[in-house]
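**Student:** Given the coordinates of chain D, assemble chain S onto it according to the supplied hints.
In order, the protein sequence lines correspond to chains D and S. In this text, residue positions in the first sequence follow this note's numbering: the first is 1407, and each later residue adds one. In this text, residue positions in the second sequence follow this note's numbering: the first is -14, and each later residue adds one.
Just so you know, not all the hints are guaranteed correct.
Some chain S residues judged to face chain D by a derived CB distance under 7 Å, without partners named [as the list claims (entries may be wrong)]:
(1) A30
(2) L38
(3) V39
FYI, nobody ran anything at the bench for these hints, they're computed from the structure. Ideal Cβ positions, reconstructed from N, Cα and C, are used throughout, including at glycine.
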Amino acid sequence: MPTITGVSSVDELRDPEGHGPLQGDRASTGRLGDRLFSGTARGASLLIIAIVTLVGVFLLSQAIPALANDKVNFLTSTQWNVDASPLQFGIANLLWVTVLSSAIAMLIAVPLGIGVALFITQYAPRWLSRPAASMVDLLAAVPSIVYGLWGLQVLGTHMDGIQAFLIKLFGWIPLFKDAGIGAASTILTVGLVLSIMVLPIVTALSREVFAQTPTTNMEAALALGATRWEMIRTAVLPFGKPGVISASMLGLGRALGETVAVTVILSALAGSAPWSWSMFNGGETFASKIANNAAEFDSPQKAGAFMAAGLVLFGLTFVVNAIARVVIERRKAFVE
Amino acid sequence: MTAADVTSGSNLNATRPRGSDTGFTHRSHARALRNTLARLVMWAAFAIAMVPLVWILWSVITKGGALLLNSHWWTNSQRGITNRMVGGGAVHAIEGTLIEALATAVMATPIAVMTAIYLVEYGRGRLARVVSFTVDILTGIPSIVAALFIYAVWVTTFGFQRVGFAVCLALVLLMIPVVVRSTEEMLKLVPNELREASYALGVPKWKTIARVVVPTAFSGIITGILLGLARIMGETAPLLILGPYTKSIATDLFGGLMPTLPTMINQDRTEVLQPAVDRVWGAAATLILLILLLNIAGRVISRLGAPKT
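Next comes chain D alone, as it looks inside the complex:
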């Protein structure tokens, strides 16, 4: 099956003499067919590079004119007024809601995902391990709009009690302050739903690395008298740590960019709403801001403002995914 890391044991396949697979020019005859075929393969690869470059270039080229006309600070302003003739838009609100909802999601999904991955690889009876893995994977097959619908209409109706309880207990902290928004459409509800959406990603990759723990390490720990849990703590977890970090990063990338579930659940605030740190507030993330206003892209200026927001989102997920990649690459070097 495909792996999320793109790294598999097969990568290290060598023949007994230590030669790598016959590849590159050594196997090519230089005939027309060969040149055509390798040319097509290379062309497809270059096309992908071109597409990704174009994504950045196009967003940038359309965002720059709007940014140049922006009369307020793009990074620190909380206003979003793209109808005015000198544009006034800033991403402070979007950034906070995006980061807060993703942080809630990660706080729940990462520990839970590690637990589920350990359960599947270390604790589950053999008959249960495979079905359990498939069932967690099933969570990834649910479309995001269904998550949104379910989050708002089913899960949301059970959030009142939780919200009231948290406000009563921690209401004096700005993060937990009552913001007067229906409990179904708060940042907290979004975070919960995002955590469910991210869970299969975190679990799948963690599971993969935990399963790769060298048996000798695990046996050594057990032979020294470690309990199962001590074995996991001393052998499995240290070995899997880079994988777990990278899994969390991939999950975070997903949470930051999730659009429709957030759009459906979160109640967008009026432009004049006061700034609030609260997780019981409404608001918009980068993605939901763009989705909510798709009808407003009529003028290049307005569209440019949303492209700028999209660009920041692209940058955020780019960085997060690059970190995931670097961490897993370093581990590969370490294992070799």
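**Tutor:** Chain S only, in chain D's frame:
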């Protein structure tokens, strides 16, 4: 409590005969307790993870399942049906979803498979690393950003209308990385002996790939395509920006509106009238059903035709 008790049921028992650890049996209560606690926590984690899955499926089935049993659902569109009326079907949205998925697959598969072939069979050095990194970036691109990009190209730059084909272009961006990664994995599973045997017979490299390597990995590649399709069929963000909804059957990718299941859900999601609410959940159930079928088909094919290694 002995170590054998603690680890019973483990996969390690096969390599670790029972009773071999009777030499040291003392274990402090605290350690044993922590061990038991950890086991409970892991079981609980799994149980907690199952709650949303069961809950979501239960909600969708109980709220929308009934409509799927009605034959009208699979044969009629929503044309002329208002939110107060019971009836109509989802065939327009199902058709739209399938057409767009098919068109996307037709565009994305050749690019993705050729890229995977490049990475596994030809790729060396710097370019291969850059391509691999780019595919990772593409994996991480949020669907809304892909949609914005296509909007910037298709509507803003070229001045075209928002049509089904533009949605397909955005979906291609999202499908390519899934298929590249899975195809790559499958090509790597093809034993090198097959390639070398082919070379030894004087077969050129390109023919070896086209006639030996790809056919060997074929079922795996198909599985990857099906899983990629499952991923994009549930995507809604590109549809919100590029594919407005309509209640009638529409099969033209290049002109007019094109309804799909996600936009059908989106259209009436804030509705309070019961017939419309039922249809929203019915569309959700249909979408999940389609995606599940694709997933199952993918898994079955991969199990039937896995290359013997």
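**Student:** Against each hint, give a clear statement of whether it holds in the structure.
**Tutor:** Going through the hints against the structure:
Because the smallest distance between the Cβ of A30 of chain S and any Cβ of chain D comes to about 3 Å, under 7 Å, the interface hint for this residue holds. Contact between L38 of chain S and chain D, as hinted, is supported at the beta carbon level, the nearest pair being about 5 Å apart and thus within 7 Å. At about 9 Å, the closest approach between the beta carbon of V39 of chain S and any beta carbon in chain D exceeds 7 Å, and the interface hint on this residue is violated.
The earlier numbered hint that this structure contradicts is number 3, and it is the only one.
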